[in-house]
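Participant: Using the sequences and the hints, build the whole thing.
For the record, the sequence lines run as chains A and B. Everything in the first sequence is counted per the working numbering, starting at 1 for the first residue and increasing by one. Everything in the second sequence is counted per the working numbering, starting at 1 for the first residue and increasing by one.
Keep in mind the hints are simulated off the structure, nothing from the lab. Some hints here could point you the wrong way.
Said to hold, decoys possible - Derived pair list, reagent style DMTMM-like, types lysine to aspartate or glutamate, alpha-carbon separation capped at 25 Å:
| # | chain 1 | residue 1 | chain 2 | residue 2 |
| --- | --- | --- | --- | --- |
| 1 | A | Lys-237 | A | Glu-225 |
| 2 | A | Lys-327 | B | Asp-313 |
| 3 | B | Lys-135 | A | Glu-5 |
| 4 | A | Lys-7 | B | Glu-24 |
| 5 | B | Lys-132 | A | Glu-24 |
| 6 | B | Lys-135 | B | Glu-48 |
Unchecked claim - Simulated restraints on C-beta separations:
| # | chain 1 | residue 1 | chain 2 | residue 2 | range |
| --- | --- | --- | --- | --- | --- |
| 7 | B | Asn-57 | A | Glu-68 | 45 to 55 Å |
| 8 | B | Phe-316 | A | Pro-238 | 30 to 40 Å |
| 9 | A | Phe-167 | B | Leu-184 | 51 to 61 Å |
| 10 | A | Glu-211 | B | Lys-236 | 47 to 57 Å |
| 11 | A | Phe-167 | B | Trp-364 | 41 to 51 Å |
| 12 | B | Glu-211 | A | Arg-363 | 46 to 56 Å |
| 13 | A | Gly-45 | B | Trp-364 | 35 to 45 Å |
| 14 | A | Glu-211 | B | Lys-327 | 25 to 35 Å |
| 15 | B | Glu-5 | A | Phe-344 | 36 to 46 Å |
Every residue gets a Cβ at the ideal spot worked out from N, C-alpha and C, and that includes glycine.
There are 2 protein chains.
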Amino acid sequence: MKITEIKFPRMIMGPGSLSRLGAEAARTGRRALLVAGKKWLRESGLLEKIVSDLKENGLEVHLFEGTEPNPKYDFIDRGGREARDRGCDLIIGIGGGSVMDASKGIALVAAQGGSIWDYVYYGPDRSRKPEKALKIILVPTTAATSSESNSSLVVSNPEKKQKMPVFGPPLLPTLSIVDPELTLSLSPELTALGAVDTLCHVIEPYLTSREPQFLSDRIATSLIETALIYSAVAVKKPDDIYARTQLSYAASLALSPFPRAMREGGLRLHWIEHVLSGHYDSIPHARGLSLLLIPWLRRNIDSFRRRLEDLSDAIFGRADADFFVEKLEEWLNSSGLTGRLRDFGVREEDLEIMASDVEELYRWGGGDGTEALEVLREAF
Amino acid sequence: MKITEIKFPRMIMGPGSLSRLGAEAARTGRRALLVAGKKWLRESGLLEKIVSDLKENGLEVHLFEGTEPNPKYDFIDRGGREARDRGCDLIIGIGGGSVMDASKGIALVAAQGGSIWDYVYYGPDRSRKPEKALKIILVPTTAATSSESNSSLVVSNPEKKQKMPVFGPPLLPTLSIVDPELTLSLSPELTALGAVDTLCHVIEPYLTSREPQFLSDRIATSLIETALIYSAVAVKKPDDIYARTQLSYAASLALSPFPRAMREGGLRLHWIEHVLSGHYDSIPHARGLSLLLIPWLRRNIDSFRRRLEDLSDAIFGRADADFFVEKLEEWLNSSGLTGRLRDFGVREEDLEIMASDVEELYRWGGGDGTEALEVLREAF
Chain A
1 MKITEIKFPR
11 MIMGPGSLSR
21 LGAEAARTGR
31 RALLVAGKKW
41 LRESGLLEKI
51 VSDLKENGLE
61 VHLFEGTEPN
71 PKYDFIDRGG
81 REARDRGCDL
91 IIGIGGGSVM
101 DASKGIALVA
111 AQGGSIWDYV
121 YYGPDRSRKP
131 EKALKIILVP
141 TTAATSSESN
151 SSLVVSNPEK
161 KQKMPVFGPP
171 LLPTLSIVDP
181 ELTLSLSPEL
191 TALGAVDTLC
201 HVIEPYLTSR
211 EPQFLSDRIA
221 TSLIETALIY
231 SAVAVKKPDD
241 IYARTQLSYA
251 ASLALSPFPR
261 AMREGGLRLH
271 WIEHVLSGHY
281 DSIPHARGLS
291 LLLIPWLRRN
301 IDSFRRRLED
311 LSDAIFGRAD
321 ADFFVEKLEE
331 WLNSSGLTGR
341 LRDFGVREED
351 LEIMASDVEE
361 LYRWGGGDGT
371 EALEVLREAF
Chain B
1 MKITEIKFPR
11 MIMGPGSLSR
21 LGAEAARTGR
31 RALLVAGKKW
41 LRESGLLEKI
51 VSDLKENGLE
61 VHLFEGTEPN
71 PKYDFIDRGG
81 REARDRGCDL
91 IIGIGGGSVM
101 DASKGIALVA
111 AQGGSIWDYV
121 YYGPDRSRKP
131 EKALKIILVP
141 TTAATSSESN
151 SSLVVSNPEK
161 KQKMPVFGPP
171 LLPTLSIVDP
181 ELTLSLSPEL
191 TALGAVDTLC
201 HVIEPYLTSR
211 EPQFLSDRIA
221 TSLIETALIY
231 SAVAVKKPDD
241 IYARTQLSYA
251 ASLALSPFPR
261 AMREGGLRLH
271 WIEHVLSGHY
281 DSIPHARGLS
291 LLLIPWLRRN
301 IDSFRRRLED
311 LSDAIFGRAD
321 ADFFVEKLEE
331 WLNSSGLTGR
341 LRDFGVREED
351 LEIMASDVEE
361 LYRWGGGDGT
371 EALEVLREAF
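Facilitator: In C-alpha cells form, the structure reads like this:
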C-alpha cells in the first residue's frame with residue numbers, strides 16, 4: 001500500500017457560492033489580477049458583476065483576459081510579469097481548466113520569477129521546483145479539470161509541440177469557490193466533455209492499479225457513476241441545477257487523492273492525450289481524451305479485466321469488462337463524442353513521433369511508447 | 001441545497017506513515033508538547049521511539065501524559081498552561097479521540113488564553129470564539145473519532161455534568177498522520193466501538209436530511225459499508241492491515257464535509273450521547289452511541305424510512321428500513337456492543353434531566369428533548 005499525502009484546498013461549494021467571492025477575496029489579498037478566458041465571462045455580464053463585487057469589498061482589480069484552450073507558456077509568463085508589475089498579491093482565476101491552470105502559473109511566475117516553462121516536470125531533478133506563489137482563488141465555470149482542487153497545472157509550448165504538467169505545493173489554491181450555477185449555460189458538448197475528463201481522472205488510476213483498495217475504489221466508482229448518470233441528465237436538461245451540482249462536486253474530487261488513496265496507478269491515458277494536443281493545439285484536452293478512451297481500454301482490456309469487471313458489476317450489475325467498454329462507448333456516442341483522430345486533422349505520419357514523445361516526456365509517469373502507438377493507431 | 005465549506009487538513013495516510021512524524025514535526029515547530037493517554041503509548045514502547053525520533057530531528061519535546069476518556073476541561077487548561085510556560089509552538093497529540101481533542105484544546109488555550117470551557121458552543125454568540133492556536137499535529141491510534149480531520153473538539157465538565165463541543169478554524173490540525181499500523185493492537189471491543197462512531201458520524205446527517213444528494217449519499221454509503229464490513233474482519237483478525245487501513249480511512253472521512261456536502265442534516269444522536277456521557281463519565285462516547293443507536297433508529301423509523309430504504313438497498317440489496325435496522329442490531333450484537341443503559345449504571349430518575357439537557361444545551365444543533373426522552377427510555 002502506498003503512503004498517500006492528502007492536500008485539499010479550502011473550498012466553498014454549492015449553488016450560489018459565487019456570492020462569497022468578494023468577501024473572501026478581501027480576506028485573502030488587496031490587489032488582484034483577475035484571469036479570464038476569451039469571451040464568455042465578459043459577454044455573459046458576469047465579469048462586470050464580479051469586478052464590482054470585488055471593488056465594493058475594497059480590492060484593486062486588474063484584468064487579464066484572453067486565456068486560450070491549452071494555455072501557452074508565453075501567455076502565462078506575460079501574466080506573471082503583469083501581476084508583478086502591478087504589485088498584485090492575489091490571482092483570481094474564473095473560467096475552465098485553461099483559465100485555472102494559467103492562473104496558477106501566473107501566481108508562480110509572479111512570485112518566483114523565470115518562465116513557467118522552467119518548471120515543467122520532465123522527471124525528478126530535471127526542472128526548477130515551485131517554491132512560492134501568490135495567493136490563488138479559483139472559480140471553475142466548467143465541471144471538468146479538477147484544477148480547483150489540486151496543486152498541478154498543464155502548460156503548452158507550441159514551438160516544442162509539448163504540453164507538460166507542473167507540480168508543486170504552492171500551486172494549491174488558497175481557496176476555490178465551486179458554484180454549479182456557473183455551469184448552467186455550458187453547451188451539451190462541453191458538458192459531456194467535462195464528464196469525460198472527470199471519468200478519465202478517476203478510471204485511469206483505478207485501472208492501472210491492480211491492487212484493490214476498498215474505500216478508495218468505492219469512492220472512485222461513485223465518481224464514475226456520477227459522471228455517467230448526471231452528464232446524460234445535464235445534456236438533456238442543461239438547467240438542471242441538481243445534476244450540475246453532482247457534476248461539479250464529482251469533478252472537484254476526481255483528481256484529488258480521495259478516489260485513489262493508498263493505491264498505485266497513474267494517468268497513462270492522460271499522458272498520451274497531452275502529447276496529442278501538444279502536437280495538435282486545435283484538439284482540446286477532453287476532446288482528445290474522448291477520442292482515445294475506448295481504444296485505450298480495448299488495447300489494455302486483458303490487463304484491466306479484473307478491475308473493469310468490478311466496476312461494471314458495481315455500476316451496471318454485470319461483471320463483464322467488454323460490456324462495460326460497450327456501455328462507455330454508447331455513452332460517448334450518445335453525446336456525439338466519438339470520432340477518429342483523422343477527422344480532427346491528425347496526420348498519420350505523426351503517430352510514431354507522438355508515441356515516442358509519450359515514452360520520452362512521460363516515462364516518469366509510466367508513459368509507454370508501445371501502448372501509445374497502438375492506441376493512437378487504433379484511434380486514427 | 002446548502003452551501004458547504006470544505007476544510008480538510010493536510011494528511012499523510014497509510015501503513016508506515018508514522019515514520020514521517022519526525023521530519024514533518026521539524027518543519028512545523030521547534031518546541032513540542034507531546035500529549036498522550038494514560039498507558040498504552042508508553043507501555044508499548046512507542047512513546048520512547050517517537051520521542052527519540054523527534055529529538056533526532058532537532059525538536060525539544062515535553063511530555064504531557066494522562067489524558068482520560070471524555071477529557072476534562074481542567075486537564076486541558078493545565079496542558080495549555082504547561083505549553084505556554086514551556087514556550088511550546090507545537091502540540092503533538094498521539095492517541096485516540098480524547099488525546100486528539102485534548103491536544104486541540106491545549107493548543108487553543110496556550111495561544112489564546114482563558115479556560116477551554118470559555119469556548120464551548122452553546123449557540124451563536126454565547127461563547128468565546130477560537131481565534132488562534134498553536135500548530136497541531138495529530139496521530140490517531142484508533143479508527144473512530146475523525147478528530148484528525150476536522151476543526152472541533154469535545155470537552156467534559158464533571159461539575160456541570162456537561163460534555164460540549166468547541167468549534168473553530170484554529171482547531172484544524174496543521175497535519176494529521178494516519179497510520180493504520182497503530183490500530184493493529186486495538187482490542188476487538190475498541191475496534192467495533194470505533195466503527196460505531198464512524199457509522200454514526202455518517203448515518204446521523206444522512207438520515208436527518210430528507211433531501212438526497214447523489215454523490216454525497218454515495219460517499220456516505222461507502223463509508224457505512226466500510227465500517228460494517230471491515231470492523232467485522234478486524235474483530236476476527238486484529239492484525240489484518242488491509243482491514244485496518246479501510247477503517248482508518250473511513251474514520252478520517254466520516255466527520256469531514258465530503259459525505260454530507262450540499263446536504264442539511266446534523267448529529268442529533270451524538271447530542272443525546274454527549275449528554276449521557278456528560279452525566280455518566282464512566283460511559284465512553286462510542287459505548288454510549290452503541291447503546292442508543294438502535295432505539296434512536298426505531299424511534300424515528302417513519303421519518304427515516306425513505307433514506308433507510310435507499311441505504312439498505314445500496315448495502316444489502318433490499319430496500320427495507322426495518323431489515324436494515326435489524327442488520328445493524330445483529331452487527332452490534334456480534335461485537336457484544338448492545339446492552340441497556342441500566343447495566344452501565346444509569347439511574348432511571350436521570351432520564352428526564354438528561355432529556356431536558358439535550359433540549360437546553362443542544363437546541364442550536366437540533367437537540368430535541370422529546371426525542372431524547374423516548375430514546376433514553378427505550379435504551380434504559
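Participant: Next step is simple, just say for each hint if it's right about the structure.
Facilitator: Against the structure, the hints come out as follows:
1. The hinted pair formed by Lys-237 of chain A and Glu-225 of chain A meets the criterion: a straight-line CA distance of about 18 Å does not exceed 25 Å.
2. A threshold of 25 Å between alpha carbons decides the hint, and for Lys-327 of chain A with Asp-313 of chain B the separation of about 23 Å falls inside it, so the pair holds.
3. For a cut-off of 25 Å, the pair hint linking Lys-135 of chain B to Glu-5 of chain A stands: about 19 Å separates their Cα positions.
4. With a C-alpha separation of about 14 Å, the suggested pair Lys-7 of chain A and Glu-24 of chain B falls inside the 25 Å cut-off, and the hint holds.
5. Under the criterion of a C-alpha separation no larger than 25 Å, the hint pairing Lys-132 of chain B with Glu-24 of chain A is consistent with the structure, at around 19 Å.
6. The suggested pairing of Lys-135 of chain B with Glu-48 of chain B holds, with an alpha-carbon distance near 22 Å, which does not exceed 25 Å.
7. Separation of Asn-57 of chain B from Glu-68 of chain A is about 47 Å and conforms to the stated range, judged on CB atoms against 45 to 55 Å.
8. The supplied range of 30 to 40 Å is met by Phe-316 of chain B and Pro-238 of chain A, whose beta-carbon atoms lie about 36 Å from each other.
9. Between Phe-167 of chain A and Leu-184 of chain B the beta carbon distance is about 33 Å. The supplied range of 51 to 61 Å is therefore violated.
10. Under the hint 47 to 57 Å, the C-beta atoms of Glu-211 of chain A and Lys-236 of chain B, about 22 Å apart, miss the expected range.
11. Between Phe-167 of chain A and Trp-364 of chain B the beta carbon distance is about 43 Å. The supplied range of 41 to 51 Å therefore holds.
12. A beta carbon spacing of about 48 Å between Glu-211 of chain B and Arg-363 of chain A agrees with the range 46 to 56 Å that was offered as a hint.
13. Against the hinted window of 35 to 45 Å, the Cβ-Cβ separation of Gly-45 of chain A and Trp-364 of chain B comes to about 40 Å, which satisfies the hint.
14. Taking the beta carbon of each, Glu-211 of chain A and Lys-327 of chain B are about 29 Å apart, inside 25 to 35 Å as hinted.
15. The given range of 36 to 46 Å is respected by Glu-5 of chain B and Phe-344 of chain A, whose C-beta atoms sit roughly 41 Å from each other.
In this structure, the earlier hints numbered 9, 10 are contradicted, and the remaining ones agree with it.
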